[in-house]
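Asks: Both chains are sitting in their own frames, so use the hints and assemble them into the complex.
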Amino acid sequence: MPAMLDSAVRKQEKENGLIKSVLGGRHEDFHELIAPYRRGVYLTAYDILQVEADAEEVAQEAFLKAFRALRSFRHESQFSTWLFRIVINEARMKLRRRREVPLETVFPDEGEDGDYTPTMLADWREIPSEALLKEETRRLVRESIAQLPEKYREVLTLRDVNGKNIAETAEILGITIGNTKVRLLRARLMLRDIFVGRTRRKPKEQPAKGVSP
Amino acid sequence: MKLDCKHIWRELSNYLEGDISDDVRREVEAHVAQCRHCAALLDSTHNVLVLVADERRMELPVGFNARLRERLEREMAISRPE
Chain U
1 MPAMLDSAVR KQEKENGLIK SVLGGRHEDF HELIAPYRRG VYLTAYDILQ VEADAEEVAQ
61 EAFLKAFRAL RSFRHESQFS TWLFRIVINE ARMKLRRRRE VPLETVFPDE GEDGDYTPTM
121 LADWREIPSE ALLKEETRRL VRESIAQLPE KYREVLTLRD VNGKNIAETA EILGITIGNT
181 KVRLLRARLM LRDIFVGRTR RKPKEQPAKG VSP
Chain P
1001 MKLDCKHIWR ELSNYLEGDI SDDVRREVEA HVAQCRHCAA LLDSTHNVLV LVADERRMEL
1061 PVGFNARLRE RLEREMAISR PE
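Residue numbers (my numbering), protein chains in the order written: chain U, 1 to 213; chain P, 1001 to 1082.
Accuracy of the hints is not assured; some may be wrong.
Now the stretches of chain P that chain U is said to cover, found in silico as 3 or more residues with beta-carbon under 8 Å [said to hold, decoys possible]: (1) 1009 to 1017; (2) 1022 to 1031; (3) 1038 to 1049; (4) 1067 to 1080.
Restraint ranges, calculated between C-beta atoms of paired labels, are given here [unchecked claim]: (5) U:G163 / P:R1010: 19 to 25 Å; (6) U:R98 / P:E1082: 26 to 32 Å; (7) P:A1053 / U:G178: 45 to 51 Å; (8) P:A1053 / U:E150: 19 to 25 Å; (9) U:A8 / P:R1026: 30 to 36 Å.
I should point out that these hints are in silico values taken from the structure, not numbers from a laboratory. Keep in mind it's a predicted model, so treat the numbers as computed, not measured. Virtual Cβ for every residue (Gly too), placed ideally from N, Cα, C.
Excised from the complex, chain P in its bound form (with noise of 0.2 Å):
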């Protein structure tokens, strides 16, 4: 079996994940190896998601935790879980 590019495309979300058969697997890195184009759509993507994956040590806003406290405890002042 010999993968296109728009094979590769379609792969290319599990392959990042690894959650991909070996088979094709070994697909991909075959046509990677010879095609540039995708070689750097899958170099970018990665990259891309690194940074994003960077985004969960943003910070929270200042108080927002004292404030989530006091939002919390002036609701189980009057009510309780149903």
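In isolation and in its complexed conformation, chain U is listed as follows (with noise of 0.2 Å):
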């Protein structure tokens, strides 16, 4: 068998046992089976959330309620496709308590059936510059994924900065992996577009240059 796949493997056995084990009554392995997900959760409810404060309310809600509704859990998804689902639905009802609306709803919201064109076609290169600092940036980087529209927000985070795949942010999101797709490449396409502006309406120090990945 393949490393790669061996470990995960290996790594679902010991989910399923740790599971078990938690509702057979032994609850201190629940937090051996969430160790891994802490931060993608907490990370997730952040990009969603956008505040520190609430983003740990949601994690630990979160995790309360995967705890309570462990015996729920059937196998169908992985454990953290669950986990994640969990996280999504609970980052959301807290953005319906605060009937949050974006700071700035930069996008129309008209659907996904139609392209998004990309603004500024003159200057894309003049983008992540090495004049701003690298704390700067992610400021930058944070401030502008916070003016994504909610559904953009979500799928952003799921796959670009969590790295779960297309098949997962789908199942998690519970819409198609074409809904999926086409949902992530407007996300990018807007938070490209966001960043863009950002940057430059900083002054100038140096000619900019794109950033090397």
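Replies: As structure tokens, then:
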């Protein structure tokens, strides 16, 4: 068996064992079960909510809910998929409760049928610049993510921040793979537009160059 | 088949994912070799995604794990999985 597959299988077996054990009464094993996902769950909540305290509260709620509902986990999907679905739902509910209107609705939500047309054709290379401090860049990235409409923040954090694959992202969001790809494309193009817009407001200290990957 | 800019934009995300057929990939590459707008769009989107991926290294708030554990333990003391 290829090494990677082997380790995935072993991870799954370990998780199944832990789930069984929690359900059998060893509640403390739940801590070990969720340990690999604490960061991802928090980040996902943070990317959607953009407020540390809210993200922590939602992350805690999601884990509590996962604990209480563990018996209903049917092993039809991976544990992490099930868990992230809970997180997304909790974060959505929190947003509803906040009745949050995005800070600036830059993009009308026109559905996903039409094409998204990226803006600023002329100087697309003038983006992330070495002139920007690393910290400043991170702040700009976060602020740019914050400006995306909610459904685009969701898909972006799952795929591009958390590194979930397309199929798992689709399963977590409960949408088709095709829709996931379309939504992701829009999210990425919009994010790039927002980011470029924000970096361009900065005074230029030196000619900007692209950041090498 | 010749891909115009709009087609390139539609394929951009799949291209960055590597989720694209060889034919379309070659078309995209041929197009961006002669279209500076699309080349720049591809580059800059890639760059932004590299920065976004960096977000995953963001620190958890200080004490996050301890507070989570504490909250879970309080819950575990009074309820069990259903």
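Asks: Look at each hint and say if it fits the structure.
Replies: Hints versus structure:
| no. | hint | verdict |
| --- | --- | --- |
| 1 | 1009 to 1017 | holds (count 7) |
| 2 | 1022 to 1031 | violated (count 0) |
| 3 | 1038 to 1049 | holds (count 9) |
| 4 | 1067 to 1080 | holds (count 9) |
| 5 | U:G163 / P:R1010: 19 to 25 Å | 23 Å, holds |
| 6 | U:R98 / P:E1082: 26 to 32 Å | 29 Å, holds |
| 7 | P:A1053 / U:G178: 45 to 51 Å | 24 Å, violated |
| 8 | P:A1053 / U:E150: 19 to 25 Å | 21 Å, holds |
| 9 | U:A8 / P:R1026: 30 to 36 Å | 33 Å, holds |
Checked against the numbered hints given earlier, the structure breaks hints 2 and 7 and satisfies all the rest.
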